[in-house]
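Chemist: Residue numbers (the working numbering), protein chains in the order written: chain A, 1 to 350; chain B, 1001 to 1636.
For the record, the hints were derived by calculation from the structure and aren't laboratory data.
Predicted model only: the values in this text are computed from it and were never measured.
All residues carry an ideal CB built from backbone N, CA and C; glycine is no exception.
Each hint should be verified, as a subset may be incorrect.
What the hints assert, rightly or not - List of simulated lysine to aspartate or glutamate pairs, EDC-like, C-alpha gap at most 20 Å:
id : chain 1 : residue 1 : chain 2 : residue 2
1  : B       : K1571     : A       : E293
2  : B       : K1025     : A       : D265
3  : B       : K1560     : A       : D148
4  : B       : K1185     : A       : D235
5  : B       : K1185     : A       : D265
6  : A       : K42       : B       : D1023
7  : B       : K1025     : A       : D148
8  : A       : K42       : B       : D1002
9  : B       : K1450     : A       : E285
10 : B       : K1025     : A       : D88
11 : B       : K1560     : B       : E1480
12 : A       : K176      : A       : E203
13 : A       : K260      : B       : D1023
14 : B       : K1560     : A       : E297
15 : B       : K1185     : A       : D335
16 : A       : K11       : A       : D79
17 : A       : K260      : B       : D1002
18 : A       : K345      : A       : D335
19 : A       : K207      : A       : D265
20 : A       : K207      : A       : D148
21 : A       : K260      : B       : E1634
22 : B       : K1185     : A       : E232
23 : B       : K1571     : B       : E1634
24 : B       : K1450     : B       : E1061
25 : A       : K42       : A       : D88
26 : A       : K11       : A       : D186
27 : A       : K328      : A       : E155
28 : A       : K345      : A       : D186
29 : A       : K328      : B       : E1157
Stated by the list, open to error - Looking from chain B toward chain A, a few residues come up when the C-beta cut is under 8 Å (computed):
id : residue
30 : W1075
31 : V1181
32 : G1187
33 : R1189
Unchecked claim - According to the in silico footprint, chain B covers these stretches of chain A (three or more CB under 8 Å from chain B):
id : stretch
34 : 127-141
35 : 255-262
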Amino acid sequence: MQVSSARTIGKERTGEWIGRLIENAEVVAPTAAQAGDVIFRKISSPVEVQWGSDNPLFPPKQVVLPQTDPLVTISRGADGLVVEPVYDERPRVLFGVHSCDVKGIDFLTRMHAYDLADTAYLRRAAALTSVSVACITPCPLGFCICCDAGPFLAESFDVQLTDLGDRFLAEVGSEKGGRLVEPSADLFRTAEAGEVARRHELEEAAKRAFGPETCHFASAMRRVSVGRVSAELWDEIAGTCLECGACNFVCPTCYCFSVKDQGRDGHWVRCRTWDSCQFRAFTREASGHNPREAHRERVKRRFFHKVSAQYFRRDGAVGCVGCGRCVKVCLGTSDMPAVVAAIRKGAWHG
Amino acid sequence: MDPVLTTCPFCPCGCGFYLHSQDGKTAGVIPSEGHPVSHGRLCARGWGSHEAPAWGDRLTEPLMRHDGRLRPVSWETALEAAADSLVATRRAGRTIGVLGSARATNEENYLAVRLARGALQTPHVVSCLTATYQPLLDGLHDVTGRHAGSGTVADLEHCEVIILVEGDVAVTHPQVAGAIVRARKAGCRLVTIGAVASQMTSLAALSIASTPGRERAVTFALVAAALAGGRLDTATIVAAGASFDALRRSLAEAEVSEAVARAAGWYAQAQRAAIVVAPLVADAAELRRLAGDLATLAAATGHLDRDGSPLLILPARGNLRGACEVGASPNFLPGFAPLSDDGAGSRLEGVWGVPPVRETGLDAAQMLTAARGVVIVAEDPTAVMPAGALAREALRRMECVVLLDAFATPALELATVVLPIASFAENDGTVTGLDGRVRQVRAAVRPPGKARPGWAVLAAMLGRLGPATEYHGAEEVRREIARAMPPDIGARWREVDEARVVPRAERNGGRRPSLGPLAPCEPIEPAPSVAVWDGVLDWGSDPLVRYSPTLCRDSAAQRKLFPGGFVELSKEAMDRLGVRQGWPVRLKSAGGEAVAPAVMRADLAAGVVVVPFAFRDALAPVMGGHGVTSVAVERA
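Extracted from the complex, chain A is given alone in its bound form (with noise of 0.2 Å):
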């Protein structure tokens, strides 16, 4: 991927930017909600961005992976059932997004072109053009620089923009990228080599500035992929865990998913929904059998995914991008980072 040269934005002018993207797609970006939080939705004014916010809980992964996203329409026609498949290409702006839910996007359109491409998923994930904002201060519980997923990205960006006081720096990394600047080409300028100094001092500080939070993948890689994690540690991680899917759901990486048909009497939409490898009944077989019954078994099967070295040579990546946010949605206290620590010294603190 070929990275241009690199411009800079007036922060006054990131408005009037906004508004043009808004004129052309569907801009999502991290907004206000009622309880004080923030959340990722559509837009339709620069004004509603919350910038310099920190990475909202529940990440924008809805966009490429909607909650509840229907596939194809089965209608009963003159000849018998007509089935239409459903394309979402609607042109897309994820904008304000962090690293990581960049990392996270790049990660599962991977998997879902992996094998048996998925037509619902690509076409909607191609028509979606990021604006990610680089990381200066990691998150409290972040760990993205142990999954090379941030806290700046060198590469699987559209547009990184690195906030540089008054301006902000941007670079394009792909071509859809350079399809949001091009047109806006008189709200940016070239870069001076200052500016591009100062990006990279930035990027040295932030990963400096790290804090304790960290996952020692490679150790754990080593015990998870040859079984040299003992039944009972997972039994001992399986009694921590209520079971709730969170891990699953607010993880930029899990697509674990269930097919339901949606209405009645001649009409009805086949939907995917989000699905969690926790859930005792995931993994039920039609015969009623359960593979995972013992829970300890589906907690074991979700780090093995997550960090075995047979899924990191598939995947290219562990599956993770060290956002935390398991951390903070954890009904329990089997989180990624605590569950990482317990492979890796062999007894759970949980």
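Model the placement of chain B on the given structure of chain A, informed by the hints.
Modeler: Chain B only, in chain A's frame:
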């Protein structure tokens, strides 16, 4: 449509999230990080709560039974038929009643109470689950003078000791279970009391086994142990005076085990310590005494109303506390005002325009048996009542069954008039959490078809039966509730929580608890085995679970594998009987006998047989409508 902040409809923890919709249907849940209860943490039910409103079999138009079949009619016709049939039944001198529900909002429950005690002039208004909760509140009232515990779920996280009278909170109240798991990680000592092992007992520092239905034997002993161990709250004891000596004497016969003594010691010595009572299967008198014991324990050790020392009674379902509090309870007017309270009577007359009926009402089981006409607000008594089959028979005998619901439930087959109402996702109003805070429910989408909000339908019924009543929104009903309540409780209803408001502990306004003698603990007669419902009401029959493609799977699979039901036995019992997984066993009790397949449950004590609530009707000959009974088990 923009995501809308609302309160979870399932259990009473009171978690908050945004409901997100597409094309007029709920399509997803976004957790609220700033919410004071859930902080972005939701359980599987919360995460799946958007599904049932969109996928469920929804009631979309008013229906009336004609020639044995339900047929669509206009709202006008349905409301008129509902009012006329209720009035005719009452005029014929027959009993009529109203069932509120833990699945309905406070506004809907309150209007159900006003409909009964006001417009229909009947004292029979209650919810199907009132009997599982009200006796515990009465037990607290005996000691503390108020029908409420204190503290919040969040307090649990900072406790040094938690005494949990366990059912299975990891399943029934996951947010409470989560707080306990996190507290334990921070070093808290968890003490569980229960007959059946659960995820929480596996985490306990001390797990005290009890006989099913007789958990009170342990709580009684805990009070005795605490008093024997010293470290009591001097001010409370001095204030109690001679009553404290009477309390001490009443405990003379208590049998205190080493484990109980240790638990009582931990509790008394801790600076911040909690008592949590999960929904229990026991009779009303036993529940009342158990709550009295625990309130006495908290008061004598100085934990009652202490900051950071919560005493939480967990209602079994979403808005059960709210339903009881607004008056869906046989012995109270709204706000737990006694029926004999003349002030409350005239206050309600001022608000309602008619004097309230102030006789004692029947409980739900008695009412269904006695009544010939009933209004059911968002409930399926056949699924929720302990004796489901009897409820079905009782409804079949009735002359009029006016059913308000958002979903098609098995109760539909027994209804004479069906009034379709909004589900939680389409409704405005409030619900009361287990901590007593009143929280907002907000509509994220419009009700389907001709369905209307439940409060509006009940208001329309009121208008037909009594003085003209008009509300311009659920908000106005809530303001009326505040006026109908005794002033101290009404205040809580005036200022509804905004999400960021941290709930306050309920205070006793400087009143001292009244310590006194506790009722003796009756001896537990030895029995070969004790059969008990699993203590977790059947979530599988709740329409919000049944119609959710994700949430229904476990219960659906259970029903598919064992259509006629099953019972759970310990490994020891199965070995002794020589039966394997799925083999039939015969259960015999004083009431009768039944045969069911046996399923092994590793963590069960020998001598305990668990009967899943969902299959209670299949085992009805043995259980006879009771939650606990002595049985003999043999190979069939």
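Chemist: Next step is simple, just say for each hint if it's right about the structure.
Modeler: Verification of the hints:
With a C-alpha separation of about 18 Å, the suggested pairing of B/K1571 with A/E293 holds against the 20 Å cut-off. Between the alpha carbons of B/K1025 and A/D265 the distance comes to roughly 18 Å, so the proposed pair stays at or under 20 Å and holds. With a C-alpha separation of about 46 Å, the suggested pair B/K1560 and A/D148 falls outside the 20 Å cut-off, and the hint is violated. The suggested pairing of B/K1185 with A/D235 holds, with an alpha-carbon distance near 16 Å, which does not exceed 20 Å.
For a cut-off of 20 Å, the pair hint linking B/K1185 to A/D265 is broken: about 52 Å separates their Cα positions. Distance check on the hinted pair: A/K42 and B/D1023 sit about 15 Å apart at the alpha-carbon level, within 20 Å; holds. Proposed proximity of B/K1025 and A/D148 is contradicted: the alpha carbons are some 38 Å apart, above 20 Å. Taking the CA atoms of A/K42 and B/D1002, the gap is near 9 Å; set against the 20 Å cutoff, the hint holds.
For the suggested pair B/K1450 and A/E285, the alpha carbons sit about 40 Å apart, so the restraint of at most 20 Å is broken. Proximity of B/K1025 to A/D88 is assessed by CA-CA distance (about 18 Å); at most 20 Å being required, the pair is judged to hold. Between B/K1560 and B/E1480, the direct Cα distance comes to roughly 47 Å. Violation of the 20 Å bound is thereby established for this hinted pair. For the suggested pair A/K176 and A/E203, the alpha carbons sit about 24 Å apart, so the restraint of at most 20 Å is broken.
Distance hint between A/K260 and B/D1023 is fulfilled; the C-alpha atoms sit about 17 Å from each other, no more than 20 Å. Under the criterion of a C-alpha separation no larger than 20 Å, the hint pairing B/K1560 with A/E297 is inconsistent with the structure, at around 23 Å. For the proposed pair B/K1185 and A/D335, the alpha carbon gap of about 13 Å is at most 20 Å, so the pair holds. With a C-alpha separation of about 59 Å, the suggested pair A/K11 and A/D79 falls outside the 20 Å cut-off, and the hint is violated.
The hinted pair formed by A/K260 and B/D1002 fails the criterion: a straight-line CA distance of about 25 Å is larger than 20 Å. For the given pair, A/K345 sits about 15 Å from A/D335 by alpha-carbon distance, which is consistent with the 20 Å threshold. The suggested pairing of A/K207 with A/D265 is violated, with an alpha-carbon distance near 57 Å, which exceeds 20 Å. Note on A/K207 and A/D148: the hinted pairing holds, with a Cα-Cα distance of about 11 Å set against a maximum of 20 Å.
For a cut-off of 20 Å, the pair hint linking A/K260 to B/E1634 is broken: about 43 Å separates their Cα positions. Proximity of B/K1185 to A/E232 is assessed by CA-CA distance (about 18 Å); at most 20 Å being required, the pair is judged to hold. Between B/K1571 and B/E1634 the alpha-carbon distance is near 14 Å, which keeps this suggested pair within the 20 Å criterion. Straight-line distance between C-alpha atoms of B/K1450 and B/E1061 comes to about 5 Å, which keeps the hinted pair within the 20 Å bound.
The hinted pair formed by A/K42 and A/D88 meets the criterion: a straight-line CA distance of about 15 Å does not exceed 20 Å. For a cut-off of 20 Å, the pair hint linking A/K11 to A/D186 stands: about 14 Å separates their Cα positions. Distance restraint check for A/K328 and A/E155: the Cα-Cα separation of roughly 28 Å exceeds the 20 Å cut-off, and the hinted pair is therefore not satisfied. The hinted pair formed by A/K345 and A/D186 fails the criterion: a straight-line CA distance of about 56 Å is larger than 20 Å.
Taken as a hint, the A/K328 and B/E1157 pair is honoured in the structure, with Cα atoms around 15 Å apart against an allowance of 20 Å. Taking 8 Å as the C-beta cut-off, the interface hint given for B/W1075 is violated, the closest approach to chain A being about 23 Å. The closest approach between the C-beta of B/V1181 and any C-beta of chain A is roughly 5 Å, which is under the 8 Å cut-off, so the hint is satisfied. At its closest, the beta carbon of B/G1187 sits 11 Å from a beta carbon of chain A; the interface hint therefore is violated under the 8 Å criterion.
Residue-level restraint check for B/R1189 is violated (minimum Cβ-Cβ distance to chain A is 16 Å; threshold 8 Å). Given a C-beta distance limit of less than 8 Å, the hint that chain B covers the stretch 127-141 of chain A is violated, as 0 residues qualify and 3 are needed. Against chain B, the stretch 255-262 of chain A contributes 3 residues with a C-beta closer than 8 Å to a partner C-beta. That satisfies the three-residue criterion, and the hint holds.
Hint violations for this structure: numbers 3, 5, 7, 9, 11, 12, 14, 16, 17, 19, 21, 27, 28, 30, 32, 33, 34, all remaining hints satisfied.
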